[in-house]
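Trainee: Which chain is which? The protein sequence lines are A and B, in order. Counting from 1 along the first sequence, just add 263 to a position and that's the residue number in the numbering used here. Counting from 1 along the second sequence, just add 17 to a position and that's the residue number in the numbering used here.
Don't read these hints as lab results, they were simulated from the structure. Note that CB positions come from ideal geometry on N, CA and C, so glycine has one too. One thing to keep in mind: the hints can contain errors.
Said to hold, decoys possible - Which bits of chain A does chain B cover? Going by a derived footprint, with three or more residues having C-beta under 8 angstroms, they are:
hint, region
1, 286–292
2, 312–325
3, 358–372
4, 402–415
5, 427–435
6, 446–457
To be verified - Which chain A residues stay away from chain B? Per the calculated CB distances, all over 12 angstroms, these:
hint, residue
7, E265
8, R353
9, T422
10, A440
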Amino acid sequence: MEPFTQHTGVGVPLRRSNVDTDQIIPAVYLKRVTRTGFEDGLFAAWRGDETFVLNHDAFRTGSVLVAGPDFGTGSSREHAVWALMNYGFRAVISSRFADIFRGNSGKQGLLAAECEQSDVEQLWKILENDPGTEVTVDLREKTVTAKDFTASFRIDDYTRWRLLEGLDDIALTLRYADDIDAFERSRPSYKPTTTPVASA
Amino acid sequence: MTSTGRTLAEKVWDAHVVRRGDGAEPDVLYIDLHLVHEVTSPQAFDGLRLAGRPVRRPDLTIATEDHNVPTTWTLDPSRKTADIEAIEDPVSRTQVSTLRTNCEEFGVRLHPMGDAEQGIVHVIGPQLGLTQPGMTVVCGDSHTSTHGAFGAMAFGIGTSEVEHVLATQTLPLRPFKTMAVNVTGKLRPGVTAKDIILAVIAKIGTGGGQGYVLEYRGEAIESLSMEARMTVCNMSIEAGARAGMIAPDETTFEYLKGRPHAPQGADWDDAVAAWRALGTDDDAEFDTEVEINADELTPFVTWGTNPGQGLPLGASVPDPEQIADETARYSAEKALAYMGLTPGTPLREIAVDTVFLGSCTNGRIEDLRAAAEVLAGHKVADGVRMLVVPGSMRVRQLAEDEGLDKVFLDAGAEWRQAGCSMCLGMNPDQLTPGERSASTSNRNFEGRQGKGGRTHLVSPLVAAATAVRGTLSSPEDLLAGSDH
């Protein structure tokens, strides 16, 4: 994973709450077996509407999405994160993220920055008044800045550290391989395995 | 150390901590069972391949094909599985064949399309006896919460986490907060587990459970069958909760005993003794609690585009102008526009085009039995199509042994092969733009069942009655109709 320290790019105001994963990428786009090529599915149903924010020239190249509360609810599909990243987004700002979406973002290097809703509203105003305004997201300082407005955001320290260092979760866990071995030796014998049994 | 007792969720968590986090780092949690399907796994297996890592515990991993398979194939009697050519879309076929290749390469047990044990991942785990109390269960699917019905800690994960579990059989996680959902009283006849969970979600909202594991408790929960408990836990994610749990009891043990992967002999006794100790201690404290009175519940249906937008069937489409909260009002306006509904319309007068009975929420044998009982002797209304899709091939077989397929077919419904089908608008079973469904599935998001499709979430009883009358209905409405 590439380290994330700071990113500056065009901010996109998405004035919608409860943007569920079926809106971020409908299931029909989940058929690929790679992690790339999902940009076409991003907000697929909404992009057919020419008034949709990403269809405005000023926002087309956006890389910082500013969305309403409860972003990413619903399915566990990491394709939602891939679709956003494949399109070019590096950060999403919202006052509340669904747990699984937030976790998936952290694994892939998409910054899910949690701001107060009042700060989100302020950002919306700035981005709508002057489309194409760039937003800077600074993970070291935990701040988001647009023009002369700066707000702080929340992110858990562990995810922040991993993003800053660009660390691979699996390699981190494998440092504890001895602990996993020891745990496995202590598991009760009645725990099932998936090895086929005669009656199955 | 505090003197307070622990909740069910805390006990299961504590028993799986491989390494306690030091505050900065999360806990490393051991995973007892990993369920795999074709949609969220290919990139994970690919990651293993790139890093040269094996699957650490193929014997704690099981795969099936469910999301992306058609439900209309016919089985060639000379073969044990359906022909992959039955999947017409080449991209879908590649995804399914990729799962087969990956399972072969990494030594993972797979139940392919048409196999006697194939089915929706959350139906086959319990039915094989692989889901047991006190376990940690994960799957790259948010409805993994289903397995919490057994007193397991079960939750959905993303593909990076799927790869993590394949490689290490663990996950780095911070403990969830705990919420007690106390469902007091008794359900009235015709009111089901689906109505309980839709009412819970309407009460706490789609974000209300965020960060929590829910524990469903109380008389109404204790009196539910295992399958009904699975329906309740299944939709925990629709309230934003990662997991939902129910303490194991005699109903749980009775369901498990004798299943293929249930403990045998002395192991069974040891297991039951351990399972009995899992329930939340009397002096344990939840981070928060909510109350629902089952006595007051009636059949519940959704009118909007998230599962929290639901009302009793006897109510009318709400008027957004009466909603004080600005965000909720805007959300309701948008939902009604998408759904093509007018405020004040009685929900019972909403006509549907399609009825879908199935999914990991309501695709088990009891669901089919309940719907068949309502349908028997009736016909699906003119202009309405009804799809009946068993949750697994074993459910399908059982239903055929009981003659339920005849009831559905006689009524004019379609009797399909097992799979996720119309729950998610990925495989060929989809709504067309503007088409309206009464669906026993779990999500009514815009486009969830197909682009432009309009979904009303309902119980199997309401689904069956709706199929007969053509408008959202409960079985009581059929009785009333026969009086005339």
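Trainee: Indicate, hint by hint, whether the structure satisfies it.
Mentor: Here is how each hint holds up against the structure:
Only residues whose beta carbon comes within less than 8 angstroms of a beta carbon in chain B count, and the region 286–292 of chain A has 4; three or more means the coverage holds. With 0 residues having a Cβ less than 8 angstroms from any Cβ of chain B, the region 312–325 of chain A misses the three-residue criterion, and the hint is violated. Figure legend: the region 358–372 of chain A, annotated as covered by chain B; annotation consistent (8 residues with Cβ-Cβ distances under 8 angstroms, at least 3 required). Taking a C-beta to C-beta cut-off of 8 angstroms, the region 402–415 of chain A contributes 0 residues in contact with chain B, too few for the three needed, and the coverage statement is violated.
With 3 residues bearing a CB less than 8 angstroms from a CB of chain B, the region 427–435 of chain A meets the requirement of three and the coverage assertion stands. With 10 residues bearing a CB less than 8 angstroms from a CB of chain B, the region 446–457 of chain A meets the requirement of three and the coverage assertion stands. Non-interface call for E265 of chain A relative to chain B: holds, since the shortest CB-CB distance, roughly 14 angstroms, exceeds 12 angstroms. Even its closest Cβ contact with chain B, about 17 angstroms, leaves R353 of chain A beyond 12 angstroms, as expected for a residue assigned away from the interface.
Not every CB of chain B lies more than 12 angstroms from the CB of T422 of chain A, the least distance being 10 angstroms, so the non-interface label is violated. A Cβ of chain B approaches the Cβ of A440 of chain A within 12 angstroms, the least distance being about 8 angstroms, so the stated non-interface status is violated.
When the structure is compared with the earlier hints, violations turn up for hints 2, 4, 9, 10 and for no others.
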